[in-house]
Each structure stands twice: as C-alpha cells, then as structure tokens.
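Here the protein sequences line up with chains L and V, keeping their order. Residues in the first sequence are numbered consecutively from 0, following numbering that gives the first Met the number 0. Residues in the second sequence are numbered consecutively from 0, following numbering that gives the first Met the number 0.
Don't take every hint at face value.
To be verified - Simulated pairs of lysine-lysine, DSS-like, Cα-Cα distance not exceeding 27 Å:
hint, chain 1, residue 1, chain 2, residue 2
1, V, K65, L, K188
2, V, K245, L, K188
3, L, K37, L, K196
4, V, K259, V, K245
5, V, K65, L, K196
6, V, K291, V, K200
7, V, K259, L, K188
If you are wondering where the hints come from, they were derived from the structure by calculation, not from laboratory data.
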Amino acid sequence: MGAHIEAAVALTSHGLRRPTARRLADAAARAGLAQAGKESGEVDMLINAGIYREDNMGEPALAALIQEDIGANLGQPPVGGHGTFSFDLMNGVCGVISGIQLEAGLLRSGVIRLGAIVTSDVHPNLKDPRSAPFRPSGGALLLDWDASIAGFTDFHIETFPEYEDLLVSGLAWQEQNGPHRRPRRSSGKNLMAIEGKPGYQARLVDCAEEATRHFLRRLGMGISEIDLFVPAPSSADFLEPLLIRLGIPGDRVAYVAEDLEGVYTTGPIAALQAAIKSGRLREAHNTVLVAAGAGITVALALYRQTSP
Amino acid sequence: MQRTSHRTRIQLERLTGIHERRVVGPGENSLTLATGAARDCLTHSQHQAADIEMLISTSITRSKGKFSQSFEPPLSLYVKQAIGATQAVNFDLSNACAGMLTGVFVLQDLITRGEISCGMVVSGEYISHLSWNAARQIRSIFSKQLASLTLGDAGAAVIVERTPNGGPGIDVIGFTTLAEHSRLCLAFPSNIGPGAQMYTKSRTLHRVAIDDMAPLVAEVMEEAGIALDDIDYLIPHQTSARAIRKGTQEFARRLGAKPKHVVVTVEEYGNTSSTTLFVALHKYLEEQRLHKGDRVMLLALASGIEIGIAVFTIDSQVDHYGRTH
Numbered sequence: 000m001g002a003h004i005e006a007a008v009a010l011t012s013h014g015l016r017r018p019t020a021r022r023l024a025d026a027a028a029r030a031g032l033a034q035a036g037k038e039s040g041e042v043d044m045l046i047n048a049g050i051y052r053e054d055n056m057g058e059p060a061l062a063a064l065i066q067e068d069i070g071a072n073l074g075q076p077p078v079g080g081h082g083t084f085s086f087d088l089m090n091g092v093c094g095v096i097s098g099i100q101l102e103a104g105l106l107r108s109g110v111i112r113l114g115a116i117v118t119s120d121v122h123p124n125l126k127d128p129r130s131a132p133f134r135p136s137g138g139a140l141l142l143d144w145d146a147s148i149a150g151f152t153d154f155h156i157e158t159f160p161e162y163e164d165l166l167v168s169g170l171a172w173q174e175q176n177g178p179h180r181r182p183r184r185s186s187g188k189n190l191m192a193i194e195g196k197p198g199y200q201a202r203l204v205d206c207a208e209e210a211t212r213h214f215l216r217r218l219g220m221g222i223s224e225i226d227l228f229v230p231a232p233s234s235a236d237f238l239e240p241l242l243i244r245l246g247i248p249g250d251r252v253a254y255v256a257e258d259l260e261g262v263y264t265t266g267p268i269a270a271l272q273a274a275i276k277s278g279r280l281r282e283a284h285n286t287v288l289v290a291a292g293a294g295i296t297v298a299l300a301l302y303r304q305t306s307p
Numbered sequence: 000m001q002r003t004s005h006r007t008r009i010q011l012e013r014l015t016g017i018h019e020r021r022v023v024g025p026g027e028n029s030l031t032l033a034t035g036a037a038r039d040c041l042t043h044s045q046h047q048a049a050d051i052e053m054l055i056s057t058s059i060t061r062s063k064g065k066f067s068q069s070f071e072p073p074l075s076l077y078v079k080q081a082i083g084a085t086q087a088v089n090f091d092l093s094n095a096c097a098g099m100l101t102g103v104f105v106l107q108d109l110i111t112r113g114e115i116s117c118g119m120v121v122s123g124e125y126i127s128h129l130s131w132n133a134a135r136q137i138r139s140i141f142s143k144q145l146a147s148l149t150l151g152d153a154g155a156a157v158i159v160e161r162t163p164n165g166g167p168g169i170d171v172i173g174f175t176t177l178a179e180h181s182r183l184c185l186a187f188p189s190n191i192g193p194g195a196q197m198y199t200k201s202r203t204l205h206r207v208a209i210d211d212m213a214p215l216v217a218e219v220m221e222e223a224g225i226a227l228d229d230i231d232y233l234i235p236h237q238t239s240a241r242a243i244r245k246g247t248q249e250f251a252r253r254l255g256a257k258p259k260h261v262v263v264t265v266e267e268y269g270n271t272s273s274t275t276l277f278v279a280l281h282k283y284l285e286e287q288r289l290h291k292g293d294r295v296m297l298l299a300l301a302s303g304i305e306i307g308i309a310v311f312t313i314d315s316q317v318d319h320y321g322r323t324h
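Bound-form chain L, shown alone (with noise of 0.2 Å):
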C-alpha cells in the first residue's frame, strides 16, 4: 500500500496569450484532473509549489485562487466531512518532492484520499522576460492511495548552506523618479530580483551527487538499483556531469519533452509526466526523484511500482 502517483501533466503557455501563474497552474491541475478521470471535489489537498509569479501576490496563498477556479468544493461551508485545504510550499525547485512527502504521509494515516501539488512560474515581470532564467510552465501531480503497489516510501532533503548565496532572489524596493516630493505619487516599483553567482550549476552538480549518495546508502541500495532516474533540473550543464559521476547510464534516465526544458518548480512533474508517457515509470521498480536548487537544496524521493 502506497501514496500513488495517479497523474502527472506539465505544460507551458498552453495556447494562453498571456500566461499568469495562476491561468497555468489552472490549466495543468484541469489537465491533471480530466488524466485521471476525478472531479475537482474530490481533490482534499492543494498544495502550490510554485514560486515566481507576475504580481507577487503576498496573500492569500496562490492555492486557494487555483481551488476556486478549478471549483473544488465551493458553495456552502464543506461540513459533513468533505473539503479541499489549500495553501502554498516555498522550496523551490525541491518543491514538489517536499509536496510529495507531505501529501504521501497523509495519504498514509487516511487525512486525504486524494493530494494535487500544482506548480507554476512565469516572468516576475511580464514586460522583462529576461528578468527571470527559466521557461514559464504550469504542472499538476495527483496523488492517491493504492493498495497493490508500494509507491512513495522514502524521502531525503539535505542542505548545503555554505553556498546558501550562490543564488538568491527577492523583492527590492527601487526608485525610479527620485525622492518623493508628493506623497500619494509613485516614484519607485518593488521589482523582483534574481541573483545567481559563477559557480552555482557545478556546486548543484556536487551537493546533487553527495546527497543521492547518501539517500542510496541510507536505504543500502545501489545505483544498478536503480531503474529510472527523474532528475530537475533537466539542462545538460547539470544532468550530463551527475550521471557521469553517479555512473547512471542515459537509457535509464526521464528525459524532459523539448518544449519543457528550462522550467523551474515544473521540472519534477515535467520528467516524471515523461516517464508516464513512455510507459517507463510503470514498468520501473525502482523510481528514484532527485531534484536541486537555491540554499543548496537536494530533494530524494523513492517510488517503488512493486507490491509493498
């Protein structure tokens, strides 16, 4: 018995003319929802991972706007025990396996039936698409239990925070027109800053490969173990170095579509929706997630498709 993974869809502008956080995330929870054939009211969990948005909204978290547009359980106060819980995780790319870990374990103790972690990241700044490194990208991942399969049942998050400024990013208060002379005027803008330093992506390469180490000593497995690999971020300046020093061969890795290559918080789902296409993650025994970014993060998930 285990938390399984009943849909996995990743898109980009989705035909949208001016794709916001929320329209794609909408888009891929309805894509993810319509894939597993469940209604929006079944959803008991929503959790958003994404984390860079065109407006930067402080509150309420992006998850309850998405339940409500996708209609999960609106109307009267959800009394007789049925109601979808929202709220936002900020991990970054880690994101979602955090997501994961979370929902799995109240899939685990009967809390919730069914768990979506929805993703989305667009340009902090709509009219500087340069402002931002990453493709905008929407993702929904639904979760469920099943009781012929073993599913989610091992996770690893470790930090490497000696190189926690390698990449940072924020909100800055900037002036634009001088001083203030009339109050009630603007003279600035909150702009969205990202910051990345020389050494970032190899660093990621490093921490990713120690922390998969570690995760596979902890559960005393090996990498012939492994039978598929979901890696986020997809860009070769990060994948190529750590299967070749992790010794994993290509044919065993989830390779992105193109056209999702370089998205943010999306990449787990984004591998994983291609392993569900190409029919590799049900035939895999052994799946494992590795996902890295800012603080260094490094998150590890296993899922096994094999009888508990």
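Once you've looked at the hints, dock chain V against the given chain L.
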C-alpha cells in the same frame, strides 16, 4: 493615524480596541524576528536545537537584508542555520494568517505517524510597512486598506513534539479552505513605497467567517467528542477586539454554548498576522494564566478563506514559563 496623508477623522482605537502595537527597530526584519522567536522558544523548552527534525517557516512578509520579500532560498534555511538546527528538514509554507497553525497541522501528522518526534514552526512578521503605505492613501473609514492600520510586528515559534508517556496533547486539528471567498483579502507589493499593500473587504470577511465557521467548529467538536463549554480558553485570530467580542457572542448564540474564556491580545499587540495565535498563547503562558489540564482552542481565520481549528490540553508547557522559569 498621525501618519495619514489625508484628514480622515477615523477613531481607530475606538473602532478596533487596539491601544498599542509593536514595530521593528533598526536592522530588524522578518528573519531576525523569526530567529529571535525560535531561540526564545528553545529556551522555554527542554529541547536543544539539534532535536528539531523539521523546521517550517510560515512568514507572509519574509523580509531579509535588502529584500522586502525574500523568495529563494527559503527563509527556513536561514532560521535553522542561525539557531543551529542544521540537521532539520526545512521548507517555507505560506497560508496567510493561518500559516503557523497550518505548520502545526503538518507536523502533527508526521509526529503521529512516527516519522519525526520533534519539529518547529516559526514566523517573523515585519508587516507594519503595510500601515505606512496604507496611511498615505486612506481617505475614509470605508477604505479597503483600513485593516492595514491595525498591523503590528512580531515573531513567534512553537515546538511540536511527541507527547511523552501518553500525556495530553493535541485532541483535534483540522483545516478547510472556503475558496469561493478567496478574494476578500489580497496583498501585493506596493507601488508607492517599499513593502506591500493589503486590500480587505472587512465586513464581508467578518460575516462569512461567522456564518461558515460556526458549523465547521460544531462538526469538528462533535467528531472529537468535545463540547464548546469544555474549552477553557478560546484563542481566536486577533483582528480587532470588537470583532472578536461580537463574533464570540454570535458563535455562542448559534452553537448554544460558549468557552469559559476568550483570549484577546489585539489591544496590546495589534494584528500580528500569522503569529497572532502563538503570541497570545505565549503571553498567557508567561503570565501563568494557563494551568495544567486547561483545554485550549486555537481558531485560525485567514485570507483564502482559511479556517483552522486545533484543540489541545495544557501540560508541562507551564513549567517553562513565568516565575517558575
């Protein structure tokens, strides 16, 4: 009110019951408030930083250094490093003013299943800048930014652990999101100054909260086999003293019972957003107003609309606060 750019004639103190609030000093921000609270929380516990297996930061504001709102790495990483909880798994969680109780909900499940035995939820809210931005634009009592004038800065942290030897703990905890009302309170980065601005339809929010919260609370209490008059202290989200008193009266009328005491601390601290429940709990523990065996209900209400309920029984916490500490 002295900072408002327009002559408003709003009697905010009479309207909200808030007499005072705290604002940060030079060099303080969400991170320093959160870190200070985390350290203080450890000193009031029997734990070392190394015991913390998971650390969740739930600040809405997330100011740190030059950033009025930090996005990456998560604030929780900096907090855990600062307090020495280096082995803790960390992430940030954002759920408006219900953030801290959402973190407790998450930890409670992990602890119940035995995945971890000790975790911390922390939040630092440097949120008073919303007041300064609102003060420049508010013209009347009907302004959607009026609620921003009630905000105060605070940090809070709570350690959730496995109850030793089957002692009392969390009786029940639950959450739901009434997403059809998701746009009643929205906060965005400001376009007139550093920080953010918040727009709230306060009256509608209050009405919806009363209408929808009462049946949810009744259902949770019934499932847990606890009557409302079994509750010794109700700690609701602290928005305004008037709203809490009116809300509690209406609550009691609809549910036919009322808790023995309703905790109101907003008069002294203002609305400290995600930290209100735990600032109030800390104050009552420090003043030794809570005793072993007292049953406490935490009631979160937040933009979303998020409604969260937790009922727990006071035990050894009282030994670490007040004169005995």
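Each hint tested on the structure:
{"no.": "1", "hint": "V:K65 to L:K188", "in the structure": "holds, 14 Å"}
{"no.": "2", "hint": "V:K245 to L:K188", "in the structure": "violated, 39 Å"}
{"no.": "3", "hint": "L:K37 to L:K196", "in the structure": "violated, 44 Å"}
{"no.": "4", "hint": "V:K259 to V:K245", "in the structure": "holds, 16 Å"}
{"no.": "5", "hint": "V:K65 to L:K196", "in the structure": "holds, 17 Å"}
{"no.": "6", "hint": "V:K291 to V:K200", "in the structure": "violated, 40 Å"}
{"no.": "7", "hint": "V:K259 to L:K188", "in the structure": "violated, 49 Å"}
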